[in-house]
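S.K.: What follows is the residue order along each chain.
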Amino acid sequence: MPVDHRRIRGPDESFSPRLFLPSGSAKCAAAEDRRSGDGARGNMDVRAIFARCGLVSQAKGSAYIEAGNTKVICSVYGPRETERRDETEMKRGKLLADVRLAPFSCRKRGQWIQGTEEKDLSQFLLESLRPGVLLQKYPRSQIEVCVMVLENDGAFLAHAVTCASLALADAGIEMYDVVMGCAARRSGDAVLLDPTFAEEHDEHPSPSGKESRLTLALMPAMNQVSGLQAEGEMDAESLVEAARACMEGCYKLYPVVQQTLLKSVRKKAPPPES
Amino acid sequence: MATVQVSEAEKVYILHGVRDDLRVDGRGCEDYRHMDIETDVVSNTDGSAKVSLGYSDVLVGVKAEVGKPRPALPDQGYLEFFVDCSANATPEFEGRGGEELGLELSNTLYKVFSNKQSVDLHSLCISPGEHCWVLYVDVLLLQCDGNLFDAISIAIKAALFNTRIPKVHLSEDEEGGKEIELSDDPYDCVRLNVENVPCIVTLCKIGHRHVVDATLQEKACSVASLLIATTHRGTVTCVRKFGGGSLDPESIFEMIETGKRVGKALHTPLMELLKEEESLGKKRQKVGFLG
Amino acid sequence: MAADMRLPTRREEVPLQGTFANLVVPGDVITTDTGFMRGHGTYVDDEKLTASVAGEVERVNKLICVRPLKTRFNGEVGDVVVGRITEVQQKRWKVETNSRLDSVLLLSAVNLPGGELRRRSAEDELSMRDYLQEGDLISAEVQNVFTDGALSLHTRSLKYGKLGQGILVQVSPSLVKRQKTHFHNLPCGASVILGNNGYIWLYPTPGQLDEEAGGYYTSMEPVQLADREVISRLRNCLLALAAHKVLLFDTSVLYCYESSLSHQVQASVTCHLPVNEVLIETRGHGGGCDGDTTPP
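Chains as they are written, first to last, in this note's numbering: chain A, 1 to 274; chain B, 1 to 291; chain C, 1 to 296.
Please note that a few of the clues may not be correct.
Footprint (simulated), chain B over chain C, 3 or more residues, beta carbon under 8 Å [as the list claims (entries may be wrong)]:
(1) 132-145
(2) 165-178
(3) 222-232
Below 25 Å or equal to it, Euclidean Cα-Cα: the simulated DSS-like pairs (lysine-lysine) are [said to hold, decoys possible]:
(4) Lys94/C <-> Lys159/C
(5) Lys167/B <-> Lys210/A
(6) Lys167/B <-> Lys275/B
(7) Lys159/C <-> Lys177/C
(8) Lys178/B <-> Lys68/B
(9) Lys94/C <-> Lys91/A
(10) Lys48/C <-> Lys62/C
(11) Lys108/A <-> Lys68/B
(12) Lys11/B <-> Lys94/C
(13) Lys180/C <-> Lys91/A
(14) Lys264/B <-> Lys275/B
(15) Lys167/B <-> Lys178/B
(16) Lys11/B <-> Lys159/C
(17) Lys275/B <-> Lys286/B
(18) Lys159/C <-> Lys70/C
(19) Lys63/B <-> Lys178/B
(20) Lys282/B <-> Lys167/B
(21) Lys119/A <-> Lys60/A
(22) Lys116/B <-> Lys264/B
(23) Lys63/B <-> Lys167/B
(24) Lys116/B <-> Lys108/A
(25) Lys91/C <-> Lys48/C
(26) Lys275/B <-> Lys210/A
(27) Lys286/B <-> Lys91/A
(28) Lys60/A <-> Lys210/A
(29) Lys177/C <-> Lys245/C
(30) Lys11/B <-> Lys137/A
(31) Lys268/A <-> Lys60/A
(32) Lys282/B <-> Lys63/B
Residues of chain A clear of chain B, computed beta-carbon distances all greater than 12 Å [claimed, not checked]:
(33) Arg52
(34) Val56
(35) Asn69
(36) Arg80
(37) Arg100
(38) Ala102
(39) Gln111
(40) Glu117
Calculated directly from the structure, the hints in this document are not laboratory data. Only a predicted model underlies this, so the values are computations on that prediction, with no experimental measurement involved. Every residue gets a Cβ at the ideal spot worked out from N, C-alpha and C, and that includes glycine.
Full structure from sequences and hints, please.
M.R.: What follows is the structure, given as structure tokens:
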């Protein structure tokens, strides 16, 4: 693996002492239900989000989204002429996505260099966004989407999808629909929508022992699922149930995102001539 | 991925064929191509298997090494996946060309195995917090003719079935230092329980229907595919959408149902075949790469 | 759902019929006699005529060539080829035909709707993509071979042109037998174009209406299920024959088709199908009547 020699790095391997705490003591007790933590949020409730467009002045479009402590920033550059002239796909534009987790975003310090995990996240983001963008309107050009996760308090990938489509819309890229992301965690029989970090990494085995995580990207107006990713153990019924829950979550957040976009458009409009 | 060009009229032909449940090569929508499976093909590994599915050829080698457990999970061993897209398969993989596909494949494999059920990771622990077995699962693509995920997962299951991990004995000296002793007898081995190792089924959406085991031509006609990994009991361990298109929620649920059914049905013949091969013992006709 | 898994078996070799008298590998000295001329696949080293490819030695009077048995397509004028458009350029299309270099199809070498004598205007040049675009398949004839080996094609006959619905099967060019005609309407209900370049096109036998648009109209009507079955079976037969290195021409294909009828279409998916029996039968019939087969 290539190492960045410009930085003075610590020992080859170092661990945060918190990793060695007995599980459960440090984490907030995210039980099967959310009665205790997180205020009054029910299992099927998503966190309230705060979203703004257009905060990176250099970028063509940008967005910031905050859900609980999960904070994601995204900027869009382009469309501009493709760098690599691939003969194959000249009729449509090329969408590039890049997801990065800030080293301090998780409990364990990450690396600055993009690892395989981040590449995988980038791919998911790309495949979720691509169906929503009218790429045929941008022949020979490329559009770059850069997502930086500032703080990870669970479900960051889902919020990254929402944030990225907000930024794309802010950049004036033609889209069929705003792509919404939502995540769910299933532990035993309970579905927790939009889980926090503690809920995601809850080590307490549920009675049935089956745990799974699911991230879904939806285009609400078209009713099309553009991204789906699930891992863990689940049976088909619970998987479908969790996916439906995520779609519900997307529909709940959709008006908020629409309002955010409208607000940013209104801001851009020149003052009415009196 | 090795790509093929397909003209519009050919696409229409394939599309209508899928609608009529008769594909270009005579298969129905839920039929696999012929599969050849052979284990124990590379002598330097602890377990290996070669699977050919149509003209896709996959070779998997498993090597067991002693390593340090992950600090978060001190009493478990772990699996490492690496997929190499050999330029033998297609010139597109030359240089760094295959890197992206290789990464996509190996990342997905991590996801497929990221649960407590697939492989009993506790059995790979030698001494908690200090030593454990690390299984390096190296996948080599020799020929690409579509549907790599399914072929790889079957090859991995076969290779893990074939894997024999040497027995080790942990001894403690007076000062409390621990020592690992390897058994002298090379046949003194532990085997893995592969019953719960999932198989991957990739469903390609073509027109209004979906097909399993798509060829490259069929893949060129589809905008989105869904990958579903299931165990023999029908527990789903991974689902993922691939491709640049989007899917209707209802069709996703349908595809999950099909994937689960097809995946479940893959395990029985596979296990039977592996057991049959093992029972042949030395009488087995070794074919290796000449098949 | 069907998954056919088995242990690999070593492929049984069907005994080859006919013997190759002179097989050489690169570096083999063919002759030290200086009276011969060196042809393709040979070089002269130290006055010895040496082979540069693996293949069969052929002698025509004083000329010695080595014909490689497996090679890319070396086209000759008059060959029928099936190819795929890779690029649309100024006044020409680039066509992939399994030969060393991409072949060329000039705009002036195609039949445009409106008759042969129609002049090619600038408008035609602009609308080239409307006739043929990247990825489209065509059947054509070799018009000319350039000095560098690239082929120039033409489709100036109603039987050539853009191909519609059907299946492309790719085999080695040396397996396609040269014949008077490479277009066959097989009696089993499908048609086949056996391209000399090893690209074989299987398609439903067209009706009478088709030829109006000068071969540039493709029907997108669904193909009948029965026709599909025949075509799929033919495809599998072709692959089976090719896997066992049987020369492909209408009779051999037909015999293989007929003897495969006792098996399901699905069973013939693999080349493992009881090809051998089918093959021997095919050889018995097809191999005997060398050359003179009358098109059905």
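S.K.: Check the hint pairing lysine 286/B with lysine 91/A against an upper bound of 25 Å on the C-alpha distance.
M.R.: 50 Å, violated
S.K.: Is lysine 94/C within 25 Å of lysine 159/C, Cα to Cα?
M.R.: 20 Å, holds
S.K.: Taking the minimum C-beta separation from alanine 102/A to chain B, is that value above 12 Å?
M.R.: 21 Å, holds
S.K.: Is it true that the CA of lysine 108/A sits at most 25 Å from the CA of lysine 68/B?
M.R.: Given that 25 Å is the threshold and the Cα spacing comes to 18 Å, the pair holds.
S.K.: Under the criterion that the straight-line Cα-Cα distance not exceed 25 Å, is the pair lysine 159/C, lysine 70/C satisfied?
M.R.: 29 Å, violated
S.K.: Taking only the CA atoms, is the gap from lysine 116/B to lysine 108/A under or equal to 25 Å?
M.R.: Status holds; Cα separation ~22 Å.
S.K.: Next pair to validate is lysine 63/B with lysine 167/B; report whether the Cα-Cα distance is within 25 Å.
M.R.: Holds, at roughly 14 Å.
S.K.: Is it correct that the beta-carbon of arginine 52/A has no partner in chain B closer than or equal to 12 Å?
M.R.: Since the minimum Cβ distance to chain B is about 27 Å, arginine 52/A lies beyond 12 Å and the statement holds.
S.K.: For the region 132-145 of chain C, do three or more residues have a beta carbon lying closer than 8 Å to a beta carbon of chain B?
M.R.: It holds: at least three residues are needed, and the region 132-145 of chain C offers 4 whose Cβ sits within less than 8 Å of chain B.
S.K.: Taking the minimum C-beta separation from arginine 100/A to chain B, is that value above 12 Å?
M.R.: Its Cβ never comes within 12 Å of chain B, the nearest being 16 Å, so this holds.
S.K.: Holds or violated: are the alpha carbons of lysine 11/B and lysine 159/C at most 25 Å from each other?
M.R.: 22 Å, holds
S.K.: With the threshold set at 25 Å, check whether the alpha-carbon distance from lysine 275/B to lysine 210/A stays at or below it.
M.R.: 29 Å, violated
Violated hints, listed in ascending order, are 5, 13, 18, 25, 26, 27, 28 and 40; each of the other numbered hints is respected by the structure.
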